[in-house]
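J.: As you go down the protein sequences, you meet chains R and U in turn. With this note's numbering applied, the first sequence covers 1 to 393. With this note's numbering applied, the second sequence covers 1 to 330.
These are computed hints drawn from the structure, not numbers from a lab. Any given hint could be a false lead.
Claimed, not checked - Residues on chain U that point at chain R, a partial pick, calculated with CB under 7 Å:
hint: 1; residue: H40
hint: 2; residue: G50
hint: 3; residue: L319
Unchecked claim - Covered, in the sense of this in silico footprint (three residues per stretch, anywhere, with C-beta under 8 Å from a C-beta of chain R), are these stretches of chain U:
hint: 4; stretch: 26 to 33
hint: 5; stretch: 42 to 48
hint: 6; stretch: 55 to 67
hint: 7; stretch: 92 to 100
hint: 8; stretch: 242 to 249
Idealized CB from N, CA, C, for every residue including glycine.
Residue strings, one per chain:
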Amino acid sequence: MSLKAYPEEWAQHAALRGAARRWQRRRQLTPAQGAAIEATYPLEYYRPEWWARVALLVVGSLGVLSASVVLGMLTDFKLDIGVGAAIMLAGTLTVLELNISGSKHKHYRSGLDNALLYCALLCGAVLLVRLVGERALGSVANPLLWRWLLPMLGLLLAALLRYADPVVAAASFGAALALLANVLLQFSAGRLLLPFAGMLAAGTLLLALRVVPQRADFFYYRAAYLTLRTLGLAILYLAGNYLVVREGNAALQGGYGPSAEIPFAALFWVFTAALPLVYVWLGLRRYDRLLLWLGVLALAFAIYTVRTYHSVLPPAAAATLAGSLLTALALGVLRYLRLPRHGLTAQADDEVRPLVNLESFVQLETAHVPAAPVPGFEFGGGSSGGGGAEGRF
Amino acid sequence: MPTLTPTDRLLAELERADLLPPVQARAIAEDEHTRPFSLHYELRALLYLGVTLLAGGLGVLVYQNRDTLGQEVITGLITVAMLACFWYAARHRTAFTWGEAPRTSIAADYLLLLGCLLFVVLEGYVQYQYGVFGQRYGLVTLLPTLVFFPLAYRYDHRGVLGLGIAAVGAWVGVSTSPLAVLHRTFDSQLFAGPALGLGLVLVAAGLASEYWRRKPHFAFTYLAVGANLAELGALGRAFDSSKAAAVPWLLLMLVLAAGLVWHARRTQSYLFLLLGVAYGYVAVTYLVVLGLSAIDKELIFTPLVVLYFPATLIGLVLLFLNIKQILRLK
């Protein structure tokens, strides 16, 4: 039995067909070549549109739920929860494995196999709780929690390696971070070290992920890789963000009222302000869209952080100023990049095509149109209005 | 030896399978490595954010500084900025066409939008502070309409068209903002009638622009806003009516929903299909509840829960599974 649940060719074929379609759009391939590629690399699995995937996920979960209810009814609800979870775990895993090896309709992240996998892991989690005792649960600081988290992390990692599911990848990272926090919180200095440990963990993950694109099985793990990279970059920033550290610190101390100042505040302010700029700069230097977008989001969060603790400008003036600066910046860059410079261009590229023209939807809620006044009232200001949706579906 | 990117490995695989001549594969790889990185959508998003922040900020700022020395300065600045925006857009205009005009300048597109937003800010403030239009409130709300629609058609701008539609909505007393529509339909009898009327007019405008090929790409905006307004207006009317009187409004909803599905199949649009199915489902469910309660008031609950909802749920799942065939995609 191979380590991977699904044949590696499936992901490879999907990637080849996607790339061929892209090159055909750019007229780098002839339609005949495109057709030949599609014929040579067929898709031998079932994965419908995303709506149907969501529907199948719900249907699959409901199916497992009703199966467990039936199991309960058969045993007159006297079965031990741990034994029940073990039976359900074995059942879901068997169906999941049979799907791949046996049947004609092979589900590959169709929603149905996702549902089975998540239900199996849930059963595994319940079984582990039963094995280590319920006292292990509760807060992150619970000294027994690691007994549950450690085997859980092992289970998640095994599932990640075998099924390469993005949700399982995210859960594994979450479990690893929780385990780290749990261990650190056992020491008196742990709370102070927590932000640094979080940054270190995220940084280690990002370094480790750098080898993944060079692996031959990259396409099999691509969705999980992208999820982990996004989360790693997000945690690397958030763990050092002043607001997160200060409020998190206050929450861990369990105090009420406004949060207290934290040690090393200056250092966290540096992280808050500098990391977004580093992200944006690296994103532009390395032509890395994920880094660029997360950098811009982090920048917005940094501004929010500053405005939470310091009143810099009244909101209206700040919006006007920020709006002018953004407009001027965007217009300037548009003009500067009319011809490609430094490997950057303002021209559209069909590599990224927005699903929806988001901009026109935002406008629905932000445009100010004077409303007809209610009789008997003076005309006062304008109420929010706006309309018109423009989008491509 | 430089490490191979995943794309390089795909090209190597195609070359190995004899599906791609080596020269072509090298050309594609070369292009993948040297093609400039596009910041197009990022810049557009920034520009959009800047324009809305600027107009929104000024809109508040001008009221906050009324009766101070700053008010003339701010109104003057807004006027200058608005005129500058319109001037820039006019300088970069393309020849008029009833089809979709080629987009030549992103900056001009967004500055036109900014100009229109500033126009609204300015007009509202001038009326508030100086009462230029006196008590003729109708004129206050009609004026943006008269400005925005010609601009939208002349400059081929769907954002400005949206503003124009919103202005008509304000004129007849209907907010076309999606959130406001949701909040207001169910508690205001005043709203349902105008919304239904305006919705039907907008739907007609959308169909007409498609039929006579007059800016056919505007049809999406007209139909999306119009259909939602009309359906919600009819639903509001149905809620306001007593039992039997609600039936015609529900039937109207069904007709509109059928129209949406017809349009969805014609244009292969997921959005319109979803809208049609959703409104149709609401109308049918309402009719079923009305019918059941007419037969026996006590026995509504069980048949609904046991038969109707499970059966329709299965129907919805089947719909999702066959959505491509329904839309005649592929």
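J.: At least three residues with a C-beta closer than 8 Å to a C-beta of chain R: is that true for the stretch 55 to 67 of chain U?
T.: Result for this restraint: holds, n = 9.
J.: Quick check: the stretch 92 to 100 of chain U, covered by chain R? Criterion 3+ residues, Cβ under 8 Å.
T.: violated (count 0)
J.: Under 7 Å is the threshold here; is the Cβ of G50 (chain U) close enough to any Cβ of chain R for the hint to stand?
T.: The hint holds - G50 (chain U) has a Cβ within 7 Å of chain R, the shortest such distance being about 3 Å.
J.: Holds or violated: the stretch 242 to 249 of chain U covered by chain R, criterion of 3 or more residues with Cβ-Cβ distance under 8 Å?
T.: Our answer is that it is violated, as 0 residues pass the Cβ test (under 8 Å) against chain R, missing three.
J.: Cut-off 8 Å, C-beta pairs, minimum 3 residues; does the coverage of the stretch 42 to 48 of chain U by chain R stand?
T.: n = 7 at 8 Å, threshold three: holds.
J.: For the restraint on H40 (chain U), tell me whether the closest CB of chain R is nearer than 7 Å.
T.: holds, 4 Å
J.: Are there three or more residues in the stretch 26 to 33 of chain U whose C-beta lies within less than 8 Å of some C-beta in chain R?
T.: The restraint on the stretch 26 to 33 of chain U holds, since 3 of its residues have a Cβ under 8 Å from chain R and three suffice.
J.: Would you settle whether the hint for L319 (chain U) is holds or violated, based on the nearest Cβ-Cβ distance to chain R being less than 7 Å?
T.: Interface hint status for L319 (chain U): violated (9 Å vs cutoff 7 Å).
Going through the hint list in order, the structure does not satisfy hints 3, 7 and 8.
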